[in-house]
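A.B. asks: Sequence:
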Amino acid sequence: MTVQTGIRPLSVGRRVKDRAVQGLVYLAFAIAVVPLVSVLWMVISNGLKRFDIEFLTHSMRNIGARDAGGGAYHAIIGTLEQVLLASLIAVPIGLLTAVYLVEYGNGGRLSRMISFFVDIMTGVPSIVAGLFVLAFWILVLGMPFSGFAGALALSILMMPVVVRSTEEMLRLVPNELREASFALGVPKWRTIAKVVLPTAFTGIVTGVMLAVARVAGETAPLLLTVFFTDSINEDPFNGPQMGLPLYVFGQSGLPQDVAIDRAWTGALTLILIVMLLNLVARLISWWRSPAKRG
Numbered sequence: 001m002t003v004q005t006g007i008r009p010l011s012v013g014r015r016v017k018d019r020a021v022q023g024l025v026y027l028a029f030a031i032a033v034v035p036l037v038s039v040l041w042m043v044i045s046n047g048l049k050r051f052d053i054e055f056l057t058h059s060m061r062n063i064g065a066r067d068a069g070g071g072a073y074h075a076i077i078g079t080l081e082q083v084l085l086a087s088l089i090a091v092p093i094g095l096l097t098a099v100y101l102v103e104y105g106n107g108g109r110l111s112r113m114i115s116f117f118v119d120i121m122t123g124v125p126s127i128v129a130g131l132f133v134l135a136f137w138i139l140v141l142g143m144p145f146s147g148f149a150g151a152l153a154l155s156i157l158m159m160p161v162v163v164r165s166t167e168e169m170l171r172l173v174p175n176e177l178r179e180a181s182f183a184l185g186v187p188k189w190r191t192i193a194k195v196v197l198p199t200a201f202t203g204i205v206t207g208v209m210l211a212v213a214r215v216a217g218e219t220a221p222l223l224l225t226v227f228f229t230d231s232i233n234e235d236p237f238n239g240p241q242m243g244l245p246l247y248v249f250g251q252s253g254l255p256q257d258v259a260i261d262r263a264w265t266g267a268l269t270l271i272l273i274v275m276l277l278n279l280v281a282r283l284i285s286w287w288r289s290p291a292k293r294g
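Under full-length UniProt numbering, the sequence shown has 159 at position 159, and the numbering climbs by one with no breaks.
The hints are all genuine.
Simulated restraints on C-beta separations:
(1) R190 x D230: 48 to 54 Å
(2) E103 x S38: 40 to 46 Å
(3) Q256 x S38: 21 to 27 Å
Hints in this document: simulated from the structure, not taken from any laboratory. Being a predicted model, the structure only gives us computed values, none of them experimental. Using N, Cα and C, we set each Cβ at its ideal position, and we do this for glycine too.
Please work from the sequences and hints to get the whole structure.
C.D. replies: Here's what the structure looks like:
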């Protein structure tokens with residue numbers, strides 16, 4: 001009886017502490033979710049007013065600030081092309097950089113230098129990337145404002161995210177898999193291509209989608225490199241090309257209610273595009289996962 005009375009208060013105290021910590025975790029989760037839910041609710045409730053076929057299939061050409069109607073088709077095309085070009089530039093470079101750091105760097109001076117600059121690029125403000133492209137690509141080389149210039153700025157922001165996320169996923173691959181492949185006489189490059197990368201494929205895709213979501217809503221780099229236009233421009237290499245962040249920024253700056261409604265709907269469209277891209281990435285990861293193929 002003496003032993004039991006000595007253990008019971010300790011057990012009760014542990015349960016109380018466990019419940020208290022659980023309560024704090026749930027409270028922190030609720031505090032973190034409330035702003036997200038409120039933002040989503042506000043965007044959805046206000047954006048549905050103009051979310052129709054006209055908005056998705058028409059541009060703002062010949063539509064005044066006070067006029068109803070118009071849409072964001074030109075901005076949707078611009079955003080998709082700019083993000084695609086930025087991904088084509090940043091993803092291969094980031095992937096190869098991460099492979100070098102994990103598989104070939106071995107803590108050498110070059111790998112430490114690369115990691116240092118990747119850390120610096122991670123903290124670079126988005127407007128600095130836009131200023132760099134503006135100064136070098138447009139002012140020094142004399143290239144025009146274009147969607148490709150905006151894609152260059154976005155790719156600068158994407159690269160460090162791709163490098164760090166891919167690096168972490170590659171480090172999670174067990175060394176036993178590499179050693180088993182080497183024991184069979186498989187060259188290192190082939191081991192990386194056939195064993196390491198497929199094993200980390202799901203995490204790599206998730207990291208790429210984080211990078212896409214990071215740059216899809218950027219406005220500052222596009223302000224300096226893409227410029228504004230109300231017309232449809234399907235050629236990202238020639239002339240100004242609108243993007244959804246620029247569209248939302250421009251429409252929200254107008255005092256008319258019709259313009260504010262278009263801005264809310266543009267924000268909703270941008271969120272839906274990012275969600276759709278994430279869904280496609282999840283499906284690709286599920287389809288290409290080693291467990292699925294096995």
